[in-house]
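S.K.: Dock chain B with the ligands against chain A, hints included.
Listed in order, the protein sequences are those of chains A and B.
Okay, so the first sequence: first residue is 1 according to my numbering, each after it adds one.
Okay, so the second sequence: first residue is 1 according to my numbering, each after it adds one.
Each hint should be verified, as a subset may be incorrect.
Below, computed lysine-lysine pairings styled on PhoX-like, alpha-carbon distance capped at 20 Å [what the hints assert, rightly or not]:
#1 B:240 with A:265
#2 B:149 with A:5
#3 A:141 with A:204
#4 A:186 with A:139
#5 A:265 with A:204
#6 B:149 with B:171
If you are wondering where the hints come from, they were derived from the structure by calculation, not from laboratory data.
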Amino acid sequence: MATFKEFRNNIKPNWCPGCGDFSVQAAIQRAAANVGLEPEQLAVISGIGCSGRISGYINAYGLHGIHGRALPIAQGVKLANRELTVIASGGDGDGFAIGMGHTIHAIRRNINITYIVMDNQIYGLTKGQTSPRSAEGFKTKSTPEGSIESALSPLELALSSGATFVAQSFSSDLKQLTALIEEGIKHEGFSLINVFSPCVTFNKVNTYDWFKENITNLDTVEGYDSSNRIQAMTKLMETGGLLTGLIYQNKERKSYEDLVPGFRKEALAGQNPEITAEQFNQLVAEFR
Amino acid sequence: MISQLSWKIGGQQGEGVESTDRIFSTALNRLGYYLYGYRHFSSRIKGGHTNNKIRISTSPIRAISDDLDILVAFDQESIDLNAHELCQDGVIVADAKFNPTVPEGSSAKLFAVPITAIAEELGTSLMKNMVASGASWALLGLPLEVFNKAVEEEFGRKGQAIVDKNVEAVKRGAEYVLELAGGPLERFKLEPADGKEKLFMIGNDAIGLGAVAAGCRIMSAYPITPASEIMEYLIKKLPKFGGTVVQTEDEIAAITMAIGANYAGVRTMTASAGPGLSLMMEAIGLAGMTETPVVIVDTQRGGPSTGLPTKQEQSDINALIYGTHGEIPKIVLAPSSIEECFYDTIQAFNLAEKYQVPVILATDLQLSLGKQSCELLDYSKIVIDRGTLVDEVPEREDGSLFKRYELTENGVSPRVIPGVKNGIHHVTGVEHDESGRPSESPVNRQKMMDKRLGKLDKIQVDNPIHVQAPHQNPDLLIVGMGSTGGTIDQARERLEDEGITTNHITVRLMHPFPVEEIQPYLEQAKQVVVLENNATGQLAGLIKLNAGYSDKLVNMLKYDGTPFLPSEVYSKCLDVHSQAALEKQSGELVKHGNF
Ligand SMILES: Cc1ncc(C[n+]2csc(CCOP(=O)(O)OP(=O)(O)O)c2C)c(N)n1
Ligand code: SF4
Ligand SMILES: [Mg+2]
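In isolation and in its complexed conformation, chain A is listed as follows:
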């Protein structure tokens, strides 16, 4: 069985020292090893942004696509090969601005993949503009007087869109993050894990210390029932979304793949693409 070291490659990330994304990378590598994967059984599909580079830093199959489209690519990969573990990942701009449409629909569709968002409330790669996750009043290069739009609440949106697995974590809590990614991988359906992953270069407000001060960790909340959607929504609203842990999971709903009639568990990619003469004649018959 592969250890987490086997999920490392020799490419040095070009992230700034201290960037939250390092922990996300480490957590994915550990979680993959912990659930017993071999590197070739994992495909990491990422978007564009500082965060999007992550697929190049993990020893697994990886595709670094275009801005905002990691999710549809990842869903295509999963449909083609259900035997793979597929992780999609990217930034808050990638997933909640340009790619928001895909995010909501991937949630609804519930294909069995894990989506990890590195949420730094800013655009890192393009050097510090506002993101849909930036708080009102947040000053950036593109909002010098402070943002006048309200911040998006991705997890509330996810819950209302029929999400079956909603979690949130923090780059400083490698243990919780790793455990949640493992749970997400094991969840039979779409799992969304939003990670507070500070940008130390462009976001001087939502820092490691700021998160430590403001986060409520569900692991310390007694009696929280992650199967209760209303409670999950209430808790998110109570904490202004600054909540970490497994927020909601619905184990009842089947994945998209399980609901497609006749869709086999074995990789479609491994099946013979040819059709027989008899099958062909049957197909043609309706046009006679």
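M.R.: Same frame as chain A, now just chain B with the ligands:
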């Protein structure tokens, strides 16, 4: 006896025009006639005048006809709008319900059949289609058994009682009209057909069928006219082959999902029309850059923007060739018949994997939706070539990444899909090295650009052009693409009768442009007429750009949303020819207008 005939049915959208046409033409197909259908429809779902026209012939035809022999009308509007097409001794079969009248100046004969009344008497006005098609059939004097068999097949699933009712409706429609007409009309007596079995289908069905045969197992798409039938066909068929169709949230998701699935090893396609293609462009660049095969169908319709969504046009060619930023290799195929829709779809999947490039299959609305007879499709011609795809990779001692973008002689590298041991590599739209790792090295950049763009230098495509060149130095070479071939041929017959010699080329490979193949024919012709359904002469532009001959080229353009008619092509070619003759005489240049 005659060898061909035109029939049209008109009415309000949603009142049985489609089904009347379907049953009538299915029965004709059974008898072995060649058919060519044309659907006029508006964007409205229910209501609004609509009509379907079919041309029936004892020999192959691939064009609509100018005139009309029989018009079946469900309302007066259908008569008023279409009677002018009727030939002198044409016939109108109209529902007596609306007291039909023949427009002033028309010499057509009117048979008012109580179509709705008969249907209602038998239980439901829905059976209007059976009464109307039965009456049409009877006028042609064709055997009723064949027709009844088609009815049985259409309704068999619903039980014998329903079949009987419909057969009865046909019979009543037939009897009524025969009584009015005093028997089948001699004038419409068709020569017997060759009786050879044929298929009768629309281009979109042929594309769907081709995709299944090619091993396509996933389709991701977003509905749009006139592409949706491909998706609807595959939704019915793919589950039987272990696959599925995903209706995505938009075309960007459709193309990127297809890219993901192809990357993971399943032949996957998407299909759309102009607006969707515009949205896909960035992702098509990703496929080009990452050398991921993908097949995209563009069923062209009237543009720009929402344009004329239900009308004929061929105006996406430039966008398909030049679309996406930067420079990538890409193949654009343009089938020109139902058969080619089928075989080219298979070819598209093979080319995509062989060259690891996006392949666009460009049809036009008339080819995608016009129902036509088609020769039986040949199972033995279905070949699946997956190119350099490897399913096992030997272990490498040094622990290096798999060289997915290895620089090879022909630029095509070995390809491996996720899941295969020792095959791990990176894939990125960022410029990358042989293992897929990002690289900004100028040396690497140049090598990789040359590798990708060089892949198509020696591309092998079956029949990149179709040639009909009976003349060594024809007066006119007519060049077209897509659905216009049959119309051109029909015009040519008349031109030849006038003593004007013509050759005809259909361009099937739009990109990379088949210069070498087309050049000799351009050279030989005295004048070249390039016929296309767009306003700017995109095909003519490609010819000028790639082969030259600007001085010989004349645009023949039509962009009013309707297909060319043989008579239009004929008279415009005649004009071009006589202008050329004039120039020759006077020695001065007469400027050709854009038709
Ligand atoms: C279609 C398109 N538009 C814009 C860009 C430029 N761009 C690259 S990354 C990015 C946003 C990055 O922010 P985020 O997704 O939050 O990722 P981060 O860098 O913060 O990890 C933008 C706007 C692009 N690459 N593609
Ligand atoms: S700019 Fe911010 S997000 Fe990007 S690498 Fe640096 S710290 Fe990380
Ligand atoms: Mg960000």
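S.K.: Going straight from one Cα to the other, do residue 149 of chain B and residue 5 of chain A come out at no more than 20 Å?
M.R.: violated, 70 Å
S.K.: Is it true that the CA of residue 149 of chain B sits at most 20 Å from the CA of residue 171 of chain B?
M.R.: holds, 13 Å
S.K.: Sort out whether residue 139 of chain A lies within 20 Å of residue 186 of chain A, counting only the CA atoms.
M.R.: violated, 39 Å
S.K.: Take a quick look at whether residue 240 of chain B and residue 265 of chain A sit within 20 Å of each other, Cα to Cα.
M.R.: holds, 15 Å
S.K.: With a cut-off of 20 Å on the C-alpha distance, tell me whether residue 141 of chain A and residue 204 of chain A pass.
M.R.: holds, 13 Å
S.K.: So if I understand the rule, the pair passes when the alpha-carbon distance is 20 Å or less; does residue 265 of chain A with residue 204 of chain A pass?
M.R.: The hint is violated at about 47 Å.
Violation of the numbered hints given earlier is confined to hints 2, 4, 5; the remaining hints are satisfied by the structure.
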